[in-house]
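Undergrad: In case you want the letters, here they are:
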Amino acid sequence: MARLSSRLLALIPLAVGINLALGKFASATSLPLFLDTVGTVLVAALVGPAAAVVTGLVSQTAFTIVDGKLMWMAFLPVQLGIALYAGLAARYRMFASPLRAVASGLGLGVIAATLSWPISLLLFGGVTASGVTLVTTALTAVGVPLRWAVYGASLSSDLLDKAVTFLLVYVVLEALPRRMAVRFPAADRSRGRA
Amino acid sequence: MTLGYRPGDGLLHRTHPFTTASLAGAVSVLVFVLPGVLAPWGLVAGLCVLAAVSGLLPVLGTAAAFSAPFWGFLILIHGVFRDDLGTAVVLAGRISAMLTVFLLLLASVHPGRLVDAMLERGAPFGLAYLFGATLQAVPQLQRRAAAILDAQRCRGLRVRGSLVRRARAVIPLAVPLVLGALAEVDERALALEIRGAGSGARRTPLDPPRDGAVGRLVRWFLLAAVTGAVLWRLLS
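Here the protein sequences line up with chains A and B, keeping their order. Numbering follows the working numbering, in which position 18 of the first sequence is assigned residue number 18; successive positions increment by one, without gaps. Numbering follows the working numbering, in which position 204 of the second sequence is assigned residue number 204; successive positions increment by one, without gaps.
So here's chain A without its partners, still in its complex pose:
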């Protein structure tokens, strides 16, 4: 493992904490969102894709430990895909306007659903005992084949969640004071100011 800078070592646990705190809020208020990748996308926008990948790895491990469910580790490729995509989106200045942020969030929704549905279907028979499974159950009940029911359920939740996540990161980047933004190498570029 390449040595991480002290600043990155300090940032990653906080980003993971943001992922889990917002994820818990979304779950507690029964919002049809996960909000559990805000910290990962934020690190991608502030530092870059490599740091976001480490954040995604640590985040999925922490989420698995805190939730007590080992099967969540199977969804690690989804977190890593999100981190890489968000890093690329930041590099191409997709946080420069709310429209660009939402559009790239929708793109991520498709990618996240495409990555997660085979894992959910092949390893767990489409059952993850979350709100997504309720949609899968409803679609299966009306005769939709299981594979499409799982994909449809994943897509419907991921499109909304990732669009909101990107929009939220855009709002945070806009609210970021100048003296704080200069401390992060990719912040200005992500915001389209460099």
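Everything labelled a hint here was simulated from the structure, so no lab data went into it. All C-beta atoms, glycine included, are put in the ideal place defined by N, C-alpha and C. There's no promise every hint is true.
Which residues of chain A face chain B? A partial, calculated answer using Cβ under 8 Å [stated by the list, open to error]:
no.	residue
1	L14
2	G17
3	L20
4	K24
5	L31
6	A50
7	L70
8	I119
Dock chain B against the given chain A, drawing on the hints supplied.
TA: Below, chain B alone, put in the same frame as chain A:
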């Protein structure tokens, strides 16, 4: 329900953290590799015996409570709608085995002991720090999020009611939470520099977990069992 570390001195508590982690890894692979209904449920039965001899019986209640929603959805989707109860039973066994072994791992291995074991084996300080600091940061930020929500409620924010009203509460929570966390980065980075995080020197844990011949033998056995099962499935 019991989630997380439970102090004790049973068999699993005395076991080296790497051995318990290896058991969790082996069970997670074996439930998918071994065919039929008996294999996953046999592993669940074995884990129940291990929990009993380790004084961790309450963990089984948590495992059952965590497994129940999965069983319900599996029976509904596969048993009722797709008329394939066999698949539901196999998948329920796999999920129950994975949940049980991981909850036993969490209950018997203190995160600090795992970090010490990693450092003793030469893991980089950064990796060990990320593991420990993240587990500390999660409850800390959850408490901070709750405090921010309370403060925003005092200013008139409503987090209950319609979907739109609940969704509107996200930004007044997320922005202060994230900006507060980012403001903390410098302070933490400075503390890490003072502790020599950037030096790359190998750390020596004060009291690393003891690793005996039996523990090493068990780990080799688990590795052989997983390798054998995978090869058998590939060749048969």
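Undergrad: Would you mind marking each hint as holding or not holding in the structure?
TA: Status of each hint after checking the structure:
1. Taken as an interface hint, A/L14 checks out: its beta carbon lies about 4 Å from the nearest beta carbon of chain B, inside 8 Å.
2. Look at A/G17: its Cβ gets to within about 3 Å of chain B, closer than 8 Å, so that hint holds up.
3. Taken as an interface hint, A/L20 checks out: its beta carbon lies about 5 Å from the nearest beta carbon of chain B, inside 8 Å.
4. The restraint placing A/K24 at the interface with chain B holds, with a minimum CB-CB distance near 6 Å, inside the 8 Å limit.
5. The closest approach between the C-beta of A/L31 and any C-beta of chain B is roughly 6 Å, which is under the 8 Å cut-off, so the hint is satisfied.
6. The restraint placing A/A50 at the interface with chain B is violated, with a minimum CB-CB distance near 14 Å, outside the 8 Å limit.
7. Interface restraint check for A/L70: the shortest CB-CB distance to chain B comes to about 4 Å, inside 8 Å, so the restraint holds.
8. About 12 Å separates the beta-carbon of A/I119 from the nearest beta-carbon of chain B, more than 8 Å, and the hint is not met.
Of the numbered hints given earlier, the model fails hints 6, 8; all others are met.
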